[in-house]
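Undergrad: Letter by letter, the chains look like this.
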Amino acid sequence: MLEFLTEFPSLGRQDLSSFKQGIDEGFRTFSRANGEAIEAFFNPLLQFLIWFEDVLTGAPWPLVIFVIAALTWFGARSWKITTGAVISLLLIGIFGMWEDTMSTLAMITVATSLCVALGIPIGVLMSRSDRAQSLVTPILDVMQTIPSFVYLIPVVMLLGIGKVPGLIAVCIYAIPPIVRLTNLGIRLVDRDVMEAAEAFGASSREKLFGVQIPLALPNIFAGVNQTIMMALSMVVIASMIGVRGLGTQVLRAIGNQYLALGLMNGLAIVALAIIFDRVSQTYGKRLQAYRETGHG
Amino acid sequence: MAEVHMTETVPCADAGEDAPKVRIKGLYKIFGETPEAVLEHVHGGMSKPELMDLHNHALGLNDINLDIPARKIQVIMGLSGSGKSTLIRHLNRLIEPTSGEIWVDGENVLAMDDKQLRDLRRFKMSMVFQKFGLLPHRTVLENAMYGLEIQGVQAKEAEERARKWLDRVGLAGFEDQYPSQLSGGQQQRVGLARALATDAEILLMDEAFSALDPLIRTDMQSILLELQEELHKTIIFITHDLDEALNIGDRIAILRDGEIIQSGDPQAIIMTPADDYITDFIKDVNRAKVVRIRSIMKAPANSQGKPVLTTDSIEDALPKLHRSPSKCCPVQRPDGSVCGNVTIDAAIEALKAPESEGDDVRYA
Ligand SMILES: Nc1ncnc2c1ncn2[C@@H]1O[C@H](COP(=O)(O)OP(=O)(O)OP(=O)(O)O)[C@@H](O)[C@H]1O
Ligand SMILES: [Mg+2]
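Keeping their order, the protein sequence lines are chains R and Y.
Numbering of the first sequence is given in the UniProt record's numbering, commencing with residue 1 and proceeding in unit increments.
Numbering of the second sequence is given in the UniProt record's numbering, commencing with residue 1 and proceeding in unit increments.
Heads up, some of the hints might be wrong.
[Claimed, not checked] To give a feel for the contact side, a few chain R residues facing chain Y, derived at Cβ under 7 angstroms: (1) 110; (2) 199; (3) 200.
[What the hints assert, rightly or not] Okay, the calculated beta carbon distance ranges per label pair: (4) Y:79 with R:129: 29 to 39 angstroms; (5) R:8 with Y:94: 57 to 67 angstroms; (6) Y:43 with R:113: 51 to 61 angstroms; (7) R:73 with Y:96: 49 to 59 angstroms; (8) Y:311 with R:129: 51 to 61 angstroms; (9) Y:108 with R:148: 56 to 66 angstroms.
Calculated from the structure, these hints are not laboratory results.
None of these values were measured; they are calculated from a predicted model.
Idealized CB from N, CA, C, for every residue including glycine.
Taking the hints into account, I'd like the entire structure generated from these sequences.
TA: Written out as structure tokens, the structure reads:
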């Protein structure tokens, strides 16, 4: 009796290990059977990723800096932010981190685009049906809280080590904010405005693209901003499964206790984060300029 | 609901009217979990508070029957919560009824599929809202173009038409501003221009001017009447303000607790209110300004002297009546024909408000 209270009545050692083995075996069989198909499915993505990285690392550095400066200017319309971006990039180059930074930049750009392309439609779907919302919300909660190493295991089992599994891991971690904020933004659109659109005979398409998305844009942009930040924070973990870039150097620094190397690459990641953040935030603010003028 | 007819003054009333533009028949709306199930209680005569207490359903509209004539301004009036917004939103089916019929130009609105309904909203009815309902991310011009864009009108033509209407409501020069940069009155002009630009024959206005200051409000009423003189749209205008109703309404229907308790000519409502509720409603109105001669004239057209018009208010007519030696004037239609006479005694009598028995039911 006492034993029952002190020892948790867990499954026996044997049962447990055969249970785990069963699952592992099942998944292994699944990945052996479908691994190639899945890899083929992701191949275009891989090719694109490689191509984009080649473009960034292969192009002459002044050109890359110029393009980034131009994009920054277009997004933020601020000399301060643009100059800051240029100086950071120059420093990164001087300290010998140009190539790694370009690899990371390519990775983040592709991951963010993927998250936006998938996340916005999912968010729109959620905003239109309460059932979809109550279904997707817990999934997002799990994606955001589960330790990333846990989902790295099946991803690596399925796709091995490389860029694509890294990309998937980054996206799993980074996609929730854009989904959530798209959903929220659309649900927050003023009911009176929606009623007016309805009363003028707008179809659901016209309501979505003419009213809901434009009015939700500030929120959607906040989501994009957070998604970028979270993708950047995954760089080191992604490098553990074969994504080259600044993360690889940080990993090397941890292994060998290279303080300077770790700091420098860490600061480069921070610099990228700040550039992305300021540009996307000021761009988002400019989108809602109409809200701030005059008396509401 | 009493349809109150005028007394012997009929000869000068409006000539025969065409078929109604909008016809509402036996319309019920109940808000709640199972409206169909509690409908029978309402048929059985259960009142709005009872339905709320016993079955937890809100009675929005209760057996509404109303014919709305073409090219006239039909005002629907009632206090807050009486069901005005609910009623007007049934006309373009922003709200689905629990039971009843709605006909527009002989077409059954409730039988329409999605596409027909969208076309009804795009081409036949447009709406002006109490809270304006402007699209904040679009400029004034783009807002005025909205209905046309949805109709599929070419951008260039849409812009031209929108500019024209903005000009008509006095907003030329504001085209590139955003709604948040305008005052309330200006914003509602944009709302009006947006609704007029679609060329819809029916204009639904839900307390369109209620959010505006009194001066701006009378301003907007004048703009609306001026436009109506030329456009002859069928306007359904909701208000809780009697002065506004009397100023612009060709016909008035009064709602209480989702029921129409009196409907018809504004003069009939002032002269012969159907019950105490309406009597109290109209008791503060300036009768010298709103009672027209046609409501108090008598049939034989036999008096001499300077004529007064059927459309004159008592205030307009009193000086002439006073100057007339017999204290009696002939009454003339606006077209010049004489159709009766009016005495100064009748005019003074009409200034006295009808008395209700009992307390002020408005605040009961
Ligand atoms: N969606 C709804 N759910 C439940 N009850 C509702 C709903 N809409 C309206 N009602 C009820 O129907 C009644 C009429 O409301 P409505 O908005 O039509 O009044 P109104 O005459 O337009 O008032 P106001 O002058 O305040 O705009 C109210 O008692 C309200 O509680
Ligand atoms: Mg209302």
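Undergrad: Hint by hint, note whether the structure agrees.
TA: Do the hints match the structure? See the list:
Nearest Cβ of chain Y to the Cβ of residue 110 of chain R: about 30 angstroms, over the 7 angstroms cut. The hint is violated. Interface hint status for residue 199 of chain R: upheld, as the beta-carbon distance to the closest one in chain Y is roughly 4 angstroms, under 7 angstroms. Among the interface hints, the one on residue 200 of chain R holds; its C-beta lies about 5 angstroms from the nearest C-beta in chain Y, closer than the 7 angstroms criterion. The hinted range of 29 to 39 angstroms is satisfied by residue 79 of chain Y and residue 129 of chain R, whose Cβ atoms lie roughly 37 angstroms apart.
Between residue 8 of chain R and residue 94 of chain Y the Cβ separation comes to about 60 angstroms, which falls inside the hinted range of 57 to 67 angstroms. Look at residue 43 of chain Y against residue 113 of chain R: about 60 angstroms separates their beta carbons, and that is inside 51 to 61 angstroms. Distance hint for residue 73 of chain R and residue 96 of chain Y: a CB-CB separation of about 52 angstroms, consistent with the stated range 49 to 59 angstroms. In this structure the supplied range 51 to 61 angstroms holds for residue 311 of chain Y paired with residue 129 of chain R, their Cβ-Cβ distance being about 57 angstroms.
At roughly 60 angstroms, the beta-carbon separation of residue 108 of chain Y and residue 148 of chain R lies within the given 56 to 66 angstroms, and the hint holds.
Taken one by one, the earlier hints fail for this structure only at number 1.
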